[in-house]
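K.L.:
Sequence:
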Amino acid sequence: MDENTVAGSRLLDLATPYLARRDRDGLAIALREAWSVPCLVLLLDQSDPVVVATAALCVGLIGHADSLPGLATLLHHADEQVVEAAEEAMWTISFRAGTPLEHQALWRIAESIRAGVSENVATLLKPLIRANRRFAEAFHQRGQAHYLDGAFSHALRDADRTIAINPYHFAAHALRANCLAAMHREKEALEAYRRVLQIHPRFYGARDAIHCLQRHLAGNAG
Numbered sequence: 001m002d003e004n005t006v007a008g009s010r011l012l013d014l015a016t017p018y019l020a021r022r023d024r025d026g027l028a029i030a031l032r033e034a035w036s037v038p039c040l041v042l043l044l045d046q047s048d049p050v051v052v053a054t055a056a057l058c059v060g061l062i063g064h065a066d067s068l069p070g071l072a073t074l075l076h077h078a079d080e081q082v083v084e085a086a087e088e089a090m091w092t093i094s095f096r097a098g099t100p101l102e103h104q105a106l107w108r109i110a111e112s113i114r115a116g117v118s119e120n121v122a123t124l125l126k127p128l129i130r131a132n133r134r135f136a137e138a139f140h141q142r143g144q145a146h147y148l149d150g151a152f153s154h155a156l157r158d159a160d161r162t163i164a165i166n167p168y169h170f171a172a173h174a175l176r177a178n179c180l181a182a183m184h185r186e187k188e189a190l191e192a193y194r195r196v197l198q199i200h201p202r203f204y205g206a207r208d209a210i211h212c213l214q215r216h217l218a219g220n221a222g
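Each residue of the sequence shown is one higher than the one before, counting from 1 in the numbering used here.
Bear in mind the hints are in silico, worked out from the structure with no lab data behind them. Built from N, CA and C at the ideal position, the CB exists for glycine as well. Watch out, some of these pointers could steer you wrong.
[As the list claims (entries may be wrong)] What follows is a list of derived Cβ distance ranges for each label pair:
#1 Leu217 <-> Ser36: 23 to 33 angstroms
#2 Ala34 <-> Asp66: 44 to 54 angstroms
#3 Glu3 <-> Arg207: 35 to 45 angstroms
#4 Arg24 <-> Pro201: 20 to 30 angstroms
#5 Arg133 <-> Asp2: 20 to 30 angstroms
#6 Lys126 <-> Asp13: 38 to 48 angstroms
#7 Arg185 <-> Ser47: 23 to 33 angstroms
#8 Pro201 <-> Gly150: 24 to 34 angstroms
#9 Asp2 <-> Trp91: 43 to 53 angstroms
#10 His76 <-> Glu33: 42 to 52 angstroms
#11 Ala34 <-> Glu191: 42 to 52 angstroms
#12 Gly219 <-> Asp25: 48 to 58 angstroms
#13 Asp25 <-> Ser47: 23 to 33 angstroms
#14 Pro100 <-> Arg185: 14 to 24 angstroms
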């Protein structure tokens with residue numbers, strides 16, 4: 001076996017038990033003791049999708065923003081397991097950009113937003129954003145809250161801020177597209193949804209939104 005194949009087997013031996021019991025924190029500790037991010041990134045080019053998916057998850061646990069381009073390429077991978085792992089890894093890196101306390105606070109806020117609760121989110125996020133103007137995920141979560149509140153121009157502004165910091169943030173691109181559509185800027189929204197698919201070809205709802213906008217624009221043209 002070549003060196004990369006051996007390394008892939010070593011990673012699976014280490015990571016599989018942690019992943020089986022969903023112990024991401026324990027795996028992160030073990031990875032920091034035994035692996036470097038550059039070594040994990042090398043495994044993203046392996047032919048075995050299980051190794052690639054595992055390596056992607058591990059990069060998410062200990063990698064940083066400079067790992068995002070490599071993970072983003074995996075969003076185009078033929079294997080769905082790899083795509084899901086890359087997506088999770090990119091989200092993990094986005095949330096880990098702050099301190100551990102900021103991460104915990106942002107995670108709780110994100111759970112509220114996913115449940116459709118946006119009350120006081122902007123106020124809660126203000127200290128996180130003030131402390132770290134490069135915390136892309138804080139801007140994105142605030143943008144989502146603004147969108148839920150119908151404040152589309154504010155949501156668009158936060159989506160643009162998120163993308164300026166992290167151009168691979170596919171969800172921020174989707175938020176931007178949603179805002180433009182809600183503001184009846186259909187042609188811009190169409191291009192924004194296409195940009196979402198350029199980054200993440202399987203992003204849920206983007207293709208349907210494109211087809212809907214195309215029908216709408218064609219109807220107006222007629």
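K.L.:
All the hints need checking, so say for each whether the structure fits it.
P.N.:
Now the hints, each set against the structure:
| no. | hint | verdict |
| --- | --- | --- |
| 1 | Leu217 <-> Ser36: 23 to 33 angstroms | violated, 49 angstroms |
| 2 | Ala34 <-> Asp66: 44 to 54 angstroms | violated, 21 angstroms |
| 3 | Glu3 <-> Arg207: 35 to 45 angstroms | holds, 40 angstroms |
| 4 | Arg24 <-> Pro201: 20 to 30 angstroms | holds, 26 angstroms |
| 5 | Arg133 <-> Asp2: 20 to 30 angstroms | violated, 44 angstroms |
| 6 | Lys126 <-> Asp13: 38 to 48 angstroms | holds, 45 angstroms |
| 7 | Arg185 <-> Ser47: 23 to 33 angstroms | violated, 44 angstroms |
| 8 | Pro201 <-> Gly150: 24 to 34 angstroms | holds, 30 angstroms |
| 9 | Asp2 <-> Trp91: 43 to 53 angstroms | violated, 32 angstroms |
| 10 | His76 <-> Glu33: 42 to 52 angstroms | violated, 32 angstroms |
| 11 | Ala34 <-> Glu191: 42 to 52 angstroms | holds, 45 angstroms |
| 12 | Gly219 <-> Asp25: 48 to 58 angstroms | holds, 52 angstroms |
| 13 | Asp25 <-> Ser47: 23 to 33 angstroms | holds, 30 angstroms |
| 14 | Pro100 <-> Arg185: 14 to 24 angstroms | violated, 39 angstroms |
When each numbered hint is compared with the structure, violations occur for hints 1, 2, 5, 7, 9, 10, 14.
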